[in-house]
Amino acid sequence: MPSLHLSAPVEQKNSPHSLLPFLQSQSQQTLNKLYSRPSSCLSIFRLLAPLQQQIIMNLLWLESTISSSTMAAWVVREEKKNYDAALSPLFRLHILATSPIKLALSATFKTSMRQALTGGGTTGSFGVPAPKDDKYPPMGIDELDGYALERWETILHYMVSSGTGQNSMRPSKDVLFLLQQSGLMANSQGSLQITSAGFQFLLHSPHAQLWDLLLQYLRLAEERNMDLVEVLSFLFMLSTMELGREYSTEGMNSTPQVAATHKAMLNDLRDYGLLWQRKPSSRRFYPTRLATTLTSSSPPLPTSTGPSSGPKEGFIVLETNYRIYAYTDNPLQTAVLNLFVALKYRFPNLVVGSITRDSVKKALSNGISAEQIISYLIAHAHPQMRKNNPLLPVTVQDQIRLWELEKNRLKSQEGYLYTAFTSPADYELVLNYARQLEVVLWENAAKRCFFGSLDGHANIKNFIERRTGGNA
Amino acid sequence: MDDISQASHLSVVVDLSPMHWDLSAREAPENTYPLSLASFLSQLLAFLNTHIACRHENTLAVFGAFPGKSIMLYSSSDPVSPSAEMHANAYPPFQAVDSAVVQRITAELDALELRDDEEEAPSALVGALAKALCYVNRITLPPSANSKAQANGFHPGVLPDPRILILSVSPDLATSYIPIMNSIFSAQKLKATIDVCQIYGPNTVFLQQAAHLTGGSYILLERRDALLQYLIMSFLPPPSIRRTLSVPTQEQVDFRAACFCHKNIVDIGFVCSVCLSIFCQPLAVCTTCRTKFPIKTLQRLNAARPLLATATATGNANGRPRVQSGAVLGANGGVGGAVANGAR
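Keeping their order, the protein sequence lines are chains A and B. Each step along the first sequence adds one to the number in the UniProt record's numbering, with nothing skipped, and position 92 is 92. Each step along the second sequence adds one to the number in the UniProt record's numbering, with nothing skipped, and position 236 is 236.
No wet-lab data here; the hints were simulated from the structure. Each residue gets a CB set at the ideal place from its N, CA and C atoms; glycine is no exception. Any given hint might turn out to be false.
To be verified - Now the stretches of chain A that chain B is said to cover, found in silico as 3 or more residues with beta-carbon under 8 Å:
#	segment
1	47-53
2	78-85
3	169-180
4	397-409
From just these sequences and the hints, can you work out the full model?
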């Protein structure tokens with residue numbers, strides 16, 4: 001048990017969801033408009049930490065406000081810090097009304113959240129199911145998964161292969177633009193090349209990748225003059241929809257402007273594989289698994305491993321002799337491995353390679369960190385590997401970290417070199433003064449010179465001038 | 001803190017004894033805060049929805065204890081066939097839970113009315129609890145438990161802290177003492193927490209013990225108009241949250257046991273020194289293991305009975321009947337002295 005917990009990617013455990021900082025930067029007005037939809041409230045609620053959820057729930061059904069001290073009385077004394085830390089984002093999200101002594105949910109949030117839990121109202125924010133279509137048979141969940149997987153892997157595969165110069169299927173122009181805007185790819189010599197941020201992106205969990213892209217999309221939406229509230233609530237609506245059910249685009253557009261926003265989003269999200277439409281002009285759509293698991297924390301996304309590529313949990317076996325066996329036939333996974341592994345053999349369901357100094361240094365020079373390599377290996381470890389404690393061989397883990405340290409052998413520091421002292425006594429005097437200031441970085445008594453850091457220079461210069469001035 | 005972001009499982013055992021719900025729904029002066037089954041159900045559904053709302057992966061199972069019968073009302077692992085009627089104003093999983101639970105309960109209660117027995121059988125709370133435990137056991141152990149790693153709990157699908165919430169309205173049923181104790185021990189083994197909310201009626205000794213022994217919380221509902229708030233504040237948080245936001249715990253736990261012979265809850269009982277069966281009076285032969293006790297011991301214990309009855313009872317923290325060393329006579333096969341349970 002402990003090894004698994006220690007090894008799990010740290011970012012997911014402790015830091016808040018990547019969308020929350022974005023929401024916190026929005027104005028209270030925007031957020032309130034967002035909170036008027038029950039589905040948005042529910043989705044945001046899901047992204048919060050469990051402690052915050054409990055605080056909200058404790059307050060949800062109270063009609064009156066409650067004083068902060070009453071609420072704080074429930075907190076175990078040693079955990080006060082965690083409790084306070086949990087509260088402040090809720091204030092910034094304007095879920096809790098700002099008041100120093102009273103605790104209360106914002107009125108809009110409270111109404112919508114209650115409505116979400118009890119089901120009622122007429123907002124229609126959970127999506128309008130389309131009436132049964134007799135012309136076409138309904139889409140199966142497998143087909144939807146396949147579609148989402150194909151779309152998503154096209155994007156990732158394009159990113160990977162751009163680095164190696166191979167050609168692969170190009171995603172649509174909008175996707176390319178988004179990749180370029182987000183800094184994951186950059187234009188060099190007329191073609192798009194993956195950047196170091198892009199390499200790091202590839203090693204993230206599929207769930208994190210999806211949100212990374214969607215966050216970029218949200219930022220772009222602002223520039224494209226799309227209504228942010230509409231964009232967000234459409235995303236949240238998708239996340240609360242049921243997989244394998246067809247929804248209608250009608251009934252949720254009130255104004256032409258909103259309808260245009262939805263239309264644009266349908267097009268974009270279809271490109272990312274979040275939803276499926278029979279044809280672009282269709283008035284009905286199916287959300288895919290990518291969309292319906294947006295607010296879940298663990299990624300049961302089809303992307304984690306394709307349906308064709310062996311066991312769902314993981315596929316990598318790493319031995320103490322740095323050899324790596326990857327049970328996969330997925331070209332994307334092979335390509336990602338190729339980022340930091342020297343591949344040797346390739347079989348129909350197995351790729352064999354080894355982690356070498358050169359392969360790791362290549363990855364490091366691409367901007368991938370040792371931690372990322374290790375966490376990728378852990379996240380995709382084969383079930384057989386999970387018997388080991390620690391999960392990965394320590395020698396390999398340490399060596400990868402050491403190779404990273406090798407890169408950081410040189411450290412530069414600005415400063416001044418003091419030379420040409422007339423006598424050893426002079427030299428000693430100035431050096432001692434510099435030592436007292438703790439600014440000496442290097443010294444050489446034989447050559448009578450020393451190197452002092454930048455911030456000590458003014459003092460040393462004054463000191464020398466005072467001395468020479470006194471002698472003269 | 002590690003398991004803080006993981007999914008949790010909640011099994012809810014609902015006592016649906018019509019007789020006690022009828023008593024509970026009566027207006028003042030019998031009840032200060034009457035609570036009808038309908039309003040209870042609507043609050044329960046809101047609570048169940050809240051549990052599912054917290055995390056996409058949270059799982060839920062609901063068991064109903066009817067008179068003489070217990071059934072599973074809902075479980076998220078084998079969902080009911082999706083009803084055709086879905087509307088845009090509610091989250092689909094919520095609709096599925098709500099409709100399944102309400103439909104099953106209505107069907108069962110209708111069936112009960114048709115049966116028309118002269119006397120209502122006692123509520124099968126223990127049966128429902130046992131089913132809940134079986135369910136927890138099933139989801140805790142992954143289907144392919146042949147690999148060692150999975151058996152150790154490394155499987156990604158393993159739920160960290162299964163919980164069982166018992167919502168009871170009936171009083172203690174002394175006949176169910178042994179099955180309840182057995183359920184408690186299996187819950188301990190499964191590392192499942194049992195929470196208990198006694199919604200109507202007096203404190204129940206056995207459920208109190210169940211909550212205490214599995215580290216859950218026990219609440220005797222006083223303000224029954226505030227049921228939902230009680231449920232959310234005390235029973236929604238998983239154990240990891242309970243370390244930060246405390247939940248009410250019991251100050252005093254009634255540790256009395258029931259005797260095996262008459263199923264009475266006893267303050268002072270007699271324990272077989274061989275198999276630890278509990279009796280309310282000294283017996284010549286243990287009914288469980290057939291051990292014969294010397295006649296002398298019996299006489300002495302019988303003589304001491306009135307004296308024992310007035311003796312101050314000492315508490316017993318681990319819930320197992322303890323033999324008071326002073327009262328044991330004869331190494332092999334004396335009726336081992338008195339159990340003194342009950343921390344009152």
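Here is how each hint holds up against the structure:
1. With a cut-off of 8 Å between beta carbons, the segment 47-53 of chain A has 4 residues touching chain B; three or more are needed, and the interface restraint holds.
2. Check result for the segment 78-85 of chain A against chain B: holds, 3 residues qualifying (beta carbon to beta carbon below 8 Å, three or more required).
3. Check result for the segment 169-180 of chain A against chain B: violated, 0 residues qualifying (beta carbon to beta carbon below 8 Å, three or more required).
4. Coverage of the segment 397-409 of chain A by chain B is violated [criterion: at least 3 residues with CB-CB distance below 8 Å; count 0].
Violated hints for the displayed structure, listed by number in ascending order: 3, 4.
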